[in-house]
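4 protein chains.
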Amino acid sequence: MTTKTKQARKLIEGRPALIVIDIQKSTFIDNSEVRTIDNMPGYKERMIAARDLVDAAHDYNVPVLFIQEVHRPDRIDFGRELDGDEDIHCLEGDPRTEVAKDEMGYRKGDYIVPKRRYSAFFGTDFEILLRGLKVDTLLLCGGLTDVCVHYTFVDGHQSDYFCRVVEDCVGGSSVQAHEAALKAMEYLQTGAVQSREAVINAITSL
Amino acid sequence: MTTKTKQARKLIEGRPALIVIDIQKSTFIDNSEVRTIDNMPGYKERMIAARDLVDAAHDYNVPVLFIQEVHRPDRIDFGRELDGDEDIHCLEGDPRTEVAKDEMGYRKGDYIVPKRRYSAFFGTDFEILLRGLKVDTLLLCGGLTDVCVHYTFVDGHQSDYFCRVVEDCVGGSSVQAHEAALKAMEYLQTGAVQSREAVINAITSL
Amino acid sequence: MTTKTKQARKLIEGRPALIVIDIQKSTFIDNSEVRTIDNMPGYKERMIAARDLVDAAHDYNVPVLFIQEVHRPDRIDFGRELDGDEDIHCLEGDPRTEVAKDEMGYRKGDYIVPKRRYSAFFGTDFEILLRGLKVDTLLLCGGLTDVCVHYTFVDGHQSDYFCRVVEDCVGGSSVQAHEAALKAMEYLQTGAVQSREAVINAITSL
Amino acid sequence: MTTKTKQARKLIEGRPALIVIDIQKSTFIDNSEVRTIDNMPGYKERMIAARDLVDAAHDYNVPVLFIQEVHRPDRIDFGRELDGDEDIHCLEGDPRTEVAKDEMGYRKGDYIVPKRRYSAFFGTDFEILLRGLKVDTLLLCGGLTDVCVHYTFVDGHQSDYFCRVVEDCVGGSSVQAHEAALKAMEYLQTGAVQSREAVINAITSL
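Protein chains in written order, with UniProt numbering: chain A, 1 to 206; chain B, 1 to 206; chain C, 1 to 206; chain D, 1 to 206.
Incorrect hints may appear among the rest.
Since copy identity is lost for identical chains, a pair holds within one copy or between any two.
Calculated cross-link-like contacts (lysine to aspartate or glutamate; reagent style EDC-like; alpha-carbon spacing at most 16 angstroms) [said to hold, decoys possible]:
id	residue 1	residue 2
1	Lys-183	Asp-85
2	Lys-25	Glu-103
3	Lys-6	Glu-45
4	Lys-134	Asp-160
5	Lys-6	Asp-85
6	Lys-108	Asp-74
7	Lys-108	Glu-92
8	Lys-134	Glu-197
9	Lys-44	Asp-168
No wet-lab data here; the hints were simulated from the structure.
With these hints in hand, go ahead and build the complete structure from the sequences.
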């Protein structure tokens, strides 16, 4: 691969937004060994680690968008989502489906964006919000690295956003899937994979 | 993960279409070692192997859609595509950008769908065509497994299509990326990853 | 215009769904002369008239989808909506923004689809729901005829749905705009404009 | 309607692009009285009048995008388009379907965007192009005022673009439909409807 056309990018280009993907109560109140959606070891700690990102965003006026996967209780909107490894999940009305507001430090002024699929862009008002906020760079945390984070990143990338994934604040269905997804995102945008420390530094330098 | 809600699916559910993703002349006329887009070893053979799928589709009246990544010559529409590992590629007017029609057995009645991004659904008339053809199942071949094939699969999945990927007729940027993407697709739809032999059997059994 | 290629369509083709567009409490609890969004004379009566459609749909197992225009309270998501005749409207939390559930006979099993723009398809999970319900024909009522109803019809039409508008159960910003929009919808699909009586007959004949 | 929240807008906000909608050879080489798509009296003159806009755009480095409605020759992608007043139109390969390049002064550097439906946004790479060009304001000319121009305007509006329609350089299916559509667009964005003279002045003042 030649690199003569590469333009170096900063961690944050233009205006950022922190996108907290699917950090929901199930992680905190459901301690089942066998889960409807598989989680890698240490998943919960990785979600807890995202709290510092939210606090930094709040301190530096970076918009915070909490994405919430939620399905209608009659299950009409699962589409093909039950045709693979995942089982019925995130039903509206189930306390496990709620955004983990207390744990994540949600406050008035933050946004909640419900979704029915994996990408935050698909069938939601996510991009209407990004446009209203004039966002250029998406800072992604949450889960699953290999599913909702990865596919939100891809749609962000295809829609011309600069996308960054906070590698120690995302968790996958397995360690291997998590690592493969991080590589895939780095393939799409050099410098996409960043540590929480680096991202917080970038936020505080705005 | 519990499985009590699983419904077994056939390889082909309803009406299929064969989606030949980005099998373009560059694979056949450009023998560079260093390529603008990385290819795993054996990539070209995997593209050649897709020819039998096209022939079977033709014989059994399965619509064939050739997806073609192509960028405007002034490069205005690359978006973030040059921010990662990929270099300038698939310019309109370059002979390497043409669909590999002879190699793939393209014939009148097949469709060509140009695209500017990775997913065949993104910014194209792909879904207008799928609806007109009343397609239920997408049979994917071509490349890259880990990019255009994977992300077309994801959008197909989110749009409620049954999606299958022909594992010996797709090639990735590297062996690891190829294998990780196949796992990701199988995670989304059990039975998604199929051999060419199995897919051709399913087509001939329609 | 020649008509040799025309295929006559039934009022309801395949599976229908009743789409109740933006019938919200403001129509019933806000009696202002000057409104944030203009209403033709008799607007309220036309919304009340839609109740019979909802009842018929309930009796004959036709899914009912209540579309609700609602904007985030910090007004970040109005986009260009305040650049024309319309003023700030439909803020989340304002009692006038609620779907007129009692008036319309909303019951458990009906769906509510919030939106930020005019077309029910734009930035919403509307089409995810239509696919899950396997809908072929959209029966539209509510308001404004010339804005949200018209533009939902157009997107439905472009997405290959059969679209019908119940002319005595929709109301526009003015009589002229209402009538012009009905003509525009009839131009797109012959037989699109139907009376409530005809639509209820079609529902009861399913 | 109250106006206390109105912000006055300039004719051109930020960066403009000239969008030439469906000015195709059929207008110039097909003199049929009965047309597959109805045209108001003076339609052809209104298309010819758009030439001055193209020339001005060229002189002042405003990108010019020619939208072309074109259907695949096997007619698979008409969707519901033949269910109303329109008959089979714009088939690929038919000389009448070509963009009227000579008449409109098309030159290298201009863009052609094929589409299968009415809105230039629907199932096309139109918005990928607008983003690449960093466009803020769409200047619309061409036809039909009441269909492709109107519905492109609506999607532009919903996507947060400033939209302007050049009233003497657009033509509708009838005078009444043309005038009603202009009113509808002015309703959405105050100052949307502009004369060719005013638009050219705004371009030359950039």
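Structure-based check of all given hints:
no., hint, in the structure
1, Lys-183 <-> Asp-85, "between (22 angstroms within a copy, 11 angstroms between copies)"
2, Lys-25 <-> Glu-103, "within (9 angstroms within a copy, 35 angstroms between copies)"
3, Lys-6 <-> Glu-45, "neither (36 angstroms within a copy, 30 angstroms between copies)"
4, Lys-134 <-> Asp-160, "both (13 angstroms within a copy, 11 angstroms between copies)"
5, Lys-6 <-> Asp-85, "between (38 angstroms within a copy, 9 angstroms between copies)"
6, Lys-108 <-> Asp-74, "between (30 angstroms within a copy, 10 angstroms between copies)"
7, Lys-108 <-> Glu-92, "between (22 angstroms within a copy, 14 angstroms between copies)"
8, Lys-134 <-> Glu-197, "neither (25 angstroms within a copy, 33 angstroms between copies)"
9, Lys-44 <-> Asp-168, "within (11 angstroms within a copy, 37 angstroms between copies)"
The structure fails hints 3 and 8 (numbered hints given earlier, in ascending order).
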